[in-house]
Amino acid sequence: QKEVEQDPGPLSVPEGAIVSLNCTYSNSAFQYFMWYRQYSRKGPELLMYTYSSGNKEDGRFTAQVDKSSKYISLFIRDSQPSDSATYLCAMRKDEGFQKLVFGTGTRLLVSP
Amino acid sequence: NAGVMQNPRHLVRRRGQEARLRCSPMKGHSHVYWYRQLPEEGLKFMVYLQKENIIDESGMPKERFSAEFPKEGPSILRIQQVVRGDSAAYFCASSGDPGYEQYFGPGTRLTVT
Chain A
1 QKEVEQDPGP LSVPEGAIVS LNCTYSNSAF QYFMWYRQYS RKGPELLMYT
51 YSSGNKEDGR FTAQVDKSSK YISLFIRDSQ PSDSATYLCA MRKDEGFQKL
101 VFGTGTRLLV SP
Chain B
1 NAGVMQNPRH LVRRRGQEAR LRCSPMKGHS HVYWYRQLPE EGLKFMVYLQ
51 KENIIDESGM PKERFSAEFP KEGPSILRIQ QVVRGDSAAY FCASSGDPGY
101 EQYFGPGTRL TVT
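For the protein sequence lines, the chains are A and B, in the order given. Those letters in the first sequence? Residues 1 to 112, by the numbering used here. Those letters in the second sequence? Residues 1 to 113, by the numbering used here.
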């Protein structure tokens with residue numbers, strides 16, 4: 001079983017829709033949770049960085065962490081065609097440096 | 001302010017040759033991480049380096065792969081005697097402190113023919 005599970009998609013939505021992207025994980029030691037956006041043949045771009053449980057909002061993006069369920073989400077409001085990309089969740093433990101463990105990514109397609 | 005820089009962006013090597021991938025961290029960052037992304041897979045951690053030190057190489061294959069981050073110059077990921085299975089995108093990330101956010105470069109796409 002993978003430490004981090006993420007539905008590969010693709011997830012297709014019309015422009016303006018609310019998008020929900022999710023990851024589940026198995027290791028309760030993970031404390032820091034990140035979402036990266038990766039356009040085709042580009043490097044991952046950090047979108048959200050959260051610690052422990054709770055919500056964090058940044059513009060059209062909201063990250064949620066539910067540690068009791070080992071479940072994290074990224075919501076995108078008013079989705080735009082430019083949001084079409086692969087979204088990667090990543091997480092790490094809270095003991096100085098720890099490597100990031102990534103999900104496989106969910107491909108999102110927003111149609112005009 | 002330049003972000004993380006990697007070169008070359010594309011590298012083609014024949015089986016048995018050596019591949020050298022370079023990474024210059026963001027200005028002010030002294031922590032460098034290398035990840036590999038295989039098709040249909042997420043990014044996998046390979047190695048974490050500070051200047052002149054390898055801190056964690058738990059994700060590095062035991063043979064043919066090595067990494068360095070010298071006092072001067074970029075970090076280098078070296079793959080000796082490449083095989084077809086080494087074909088992948090190799091990403092470098094950097095951070096200002098080991099517990100802080102990691103910012104990624106554009107990657108080097110290695111193709112082994």
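Because the hints were derived from the structure by calculation, they are not lab data. Among the hints, erroneous ones may be present.
List time: in silico BS3-like cross-link candidates among lysine-lysine, alpha-carbon distance up to 25 Å [what the hints assert, rightly or not]:
#1 A/K67 x B/K44
#2 A/K56 x A/K67
#3 A/K67 x A/K2
#4 B/K51 x A/K2
#5 A/K67 x A/K93
#6 B/K51 x A/K99
Self-check item: Hints the structure fails to honour
Solution: The structure conflicts with hint 4 only, although it agrees with all the remaining ones.
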